[in-house]
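With the hints as constraints, model all of the structure from the sequences given.
Each chain, written out:
Number of protein chains: 2
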Amino acid sequence: MNFSTKLLNSINNGIGLCVGLDPIPDRLPEKFRNDSESLYNFNCEIIEATKEFASAYKPNLAFYERFGVSGWEQLRKTVKAIPSDKIVILDAKRGDIGSTSEAYAGAAFDSLGGDAITVSPYLGRDSVEPFVTREQNGIFLLAVTSNPGGKDFQELLIDGEPLYVYVIRMARLLASKRNVGLVVGATKPSLWDNVLREAVDLPLLIPGVGAQGGDPVEIRNILSGYPAPALVNSSRAIIHASSGSDYAVAARNAAAFLFDQLNG
Amino acid sequence: MNFSTKLLNSINNGIGLCVGLDPIPDRLPEKFRNDSESLYNFNCEIIEATKEFASAYKPNLAFYERFGVSGWEQLRKTVKAIPSDKIVILDAKRGDIGSTSEAYAGAAFDSLGGDAITVSPYLGRDSVEPFVTREQNGIFLLAVTSNPGGKDFQELLIDGEPLYVYVIRMARLLASKRNVGLVVGATKPSLWDNVLREAVDLPLLIPGVGAQGGDPVEIRNILSGYPAPALVNSSRAIIHASSGSDYAVAARNAAAFLFDQLNG
Numbered sequence: 624m625n626f627s628t629k630l631l632n633s634i635n636n637g638i639g640l641c642v643g644l645d646p647i648p649d650r651l652p653e654k655f656r657n658d659s660e661s662l663y664n665f666n667c668e669i670i671e672a673t674k675e676f677a678s679a680y681k682p683n684l685a686f687y688e689r690f691g692v693s694g695w696e697q698l699r700k701t702v703k704a705i706p707s708d709k710i711v712i713l714d715a716k717r718g719d720i721g722s723t724s725e726a727y728a729g730a731a732f733d734s735l736g737g738d739a740i741t742v743s744p745y746l747g748r749d750s751v752e753p754f755v756t757r758e759q760n761g762i763f764l765l766a767v768t769s770n771p772g773g774k775d776f777q778e779l780l781i782d783g784e785p786l787y788v789y790v791i792r793m794a795r796l797l798a799s800k801r802n803v804g805l806v807v808g809a810t811k812p813s814l815w816d817n818v819l820r821e822a823v824d825l826p827l828l829i830p831g832v833g834a835q836g837g838d839p840v841e842i843r844n845i846l847s848g849y850p851a852p853a854l855v856n857s858s859r860a861i862i863h864a865s866s867g868s869d870y871a872v873a874a875r876n877a878a879a880f881l882f883d884q885l886n887g
Numbered sequence: 624m625n626f627s628t629k630l631l632n633s634i635n636n637g638i639g640l641c642v643g644l645d646p647i648p649d650r651l652p653e654k655f656r657n658d659s660e661s662l663y664n665f666n667c668e669i670i671e672a673t674k675e676f677a678s679a680y681k682p683n684l685a686f687y688e689r690f691g692v693s694g695w696e697q698l699r700k701t702v703k704a705i706p707s708d709k710i711v712i713l714d715a716k717r718g719d720i721g722s723t724s725e726a727y728a729g730a731a732f733d734s735l736g737g738d739a740i741t742v743s744p745y746l747g748r749d750s751v752e753p754f755v756t757r758e759q760n761g762i763f764l765l766a767v768t769s770n771p772g773g774k775d776f777q778e779l780l781i782d783g784e785p786l787y788v789y790v791i792r793m794a795r796l797l798a799s800k801r802n803v804g805l806v807v808g809a810t811k812p813s814l815w816d817n818v819l820r821e822a823v824d825l826p827l828l829i830p831g832v833g834a835q836g837g838d839p840v841e842i843r844n845i846l847s848g849y850p851a852p853a854l855v856n857s858s859r860a861i862i863h864a865s866s867g868s869d870y871a872v873a874a875r876n877a878a879a880f881l882f883d884q885l886n887g
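Heads up: the sequence lines are chains A and B, in that order. Adding 623 to a residue's 1-based position in the first sequence gives its number in the working numbering. Adding 623 to a residue's 1-based position in the second sequence gives its number in the working numbering.
Note that these hints are calculated values from the structure, not bench results. A couple of the hints might just be wrong.
No copy labels: a pair is met if it fits in one copy or bridges any two.
[Claimed, not checked] DMTMM-like, lysine to aspartate or glutamate: derived pairs with alpha carbons at most 25 Å apart:
(1) K674 with E660
(2) K774 with E671
(3) K700 with D838
(4) K800 with D775
(5) K811 with E725
(6) K629 with D733
(7) K654 with E671
(8) K629 with E668
(9) K709 with E758
(10) K811 with E752
(11) K700 with D869
(12) K774 with E725
(13) K703 with D838
(14) K800 with E725
(15) K811 with E675
(16) K700 with E725
Quick look at the structure:
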């Protein structure tokens with residue numbers, strides 16, 4: 624199935640919920656503390672608890688790479704444990720010269736088996752192209768990020784328009800297979816008019832609600848009428864909703880609550 | 624030892640040679656073809672053959688990640704096999720929101736044991752800071768990359784000055800531990816005046832000679848009188864100088880030849 628169809632199907636209608644699988648060891652429930660595959664085993668339970676509400680899962684590779692070979696193995700197993708009708712977004716923010724980006728695409732899509740990867744645009748068009756050649760796989764290109772420092776470069780004005788607008792326009796040029804979306808942080812509401820006008824009909828991945836402070840109800844209003852699929856991500860506020868023995872129920876409740884906020 | 628001192632010591636004087644450990648399976652000599660640890664075993668021989676001339680080694684993580692868990696393990700072992708007086712630069716082009724960049728720093732410096740990592744600047748200052756807090760570890764921040772698409776964003780003008788100048792100025796603000804350098808591609812000679820004026824005394828990592836077309840002699844002339852350490856990287860032109868049984872001698876000769884071009 625091509626990426627565009629899978630993404631649409633995963634969301635059904637409305638705004639899709641994306642659960643960020645970024646486990647923090649100190650916040651894992653006690654039963655996972657002496658477990659050599661704690662990340663994987665925890666993720667399996669989180670996936671099971673939240674799958675009724677989730678369209679997508681997004682492991683951030685940093686939280687696995689820090690544990691070296693074991694972390695990479697647990698990431699691989701986590702991807703396999705995600706139901707096949709969900710979108711798996713590898714949050715990796717990769718981007719390198721062409722031949723190297725090709726190797727990263729192999730890592731993400733062939734070796735790890737993700738549906739999509741996040742890509743950082745600083746190296747320009749030929750660094751992004753190797754990620755968009757397969758219609759069954761997609762990317763979300765960083766446009767406006769959710770962190771405070773996002774403004775340092777992304778909002779610099781070039782001939783009166785911010786850098787992120789140039790990035791969005793490049794994304795549109797690469798979207799002939801309908802497998803190119805944008806990352807737009809939920810924490811910058813003043814930029815949304817501009818972003819949506821330029822994005823036209825590119826899919827959106829929206830991090831920054833929950834722990835980072837973005838408001839899901841505001842996002843719902845902003846996106847009303849936007850013609851393309853949108854996924855809103857929450858990581859810590861769902862997976863670490865509780866560190867007690869009720870972690871699975873707490874994650875389920877947090878996912879259900881956010882889903883309702885997003886879909887009215 | 625702090626990064627700044629180790630870098631200076633590794634170069635002695637003149638321009639340092641950095642060998643890019645980016646093995647391409649199709650170009651490995653025959654004896655490595657049916658070897659489950661071909662990347663690692665090949666790297667060990669390349670390191671041995673080139674260490675007389677090399678100040679630094681730079682594995683690009685993409686070429687290991689594509690082989691999943693085995694690739695990651697071979698990368699870890701490769702880092703351990705590099706002599707301790709050489710600088711190990713993990714070419715990873717990472718960069719994420721603060722807490723995630725912190726996890727990437729843990730992956731690079733604690734788990735893999737690199738001395739330095741390349742960092743991509745699109746997410747701004749707070750995405751770079753977590754990589755520069757340890758004085759024994761450093762970064763090379765992407766300023767001007769060697770690929771043709773590098774110009775797409777890096778050379779856009781903001782108030783008359785290109786984006787890469789803003790990146791270089793941020794690098795200088797973060798360099799209080801003298802562990803922040805810049806990546807500047809050898810393929811853009813017309814930008815060097817501007818780059819060196821802004822860089823002032825930041826260390827440089829210069830990819831793009833050899834297969835990508837940058838001219839080592841031109842680089843030597845440009846850098847004459849620059850007061851900080853500079854490493855010029857070559858990957859394929861050294862490690863895949865020959866795919867025949869003379870691969871080690873060919874790599875040694877290619878390293879020696881480039882070292883001489885760089886140092887007159």
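Unsatisfied constraints (hint numbers, rising): Violated hints (numbers, rising): 2, 3, 13 and 15; every other hint is consistent with the structure.
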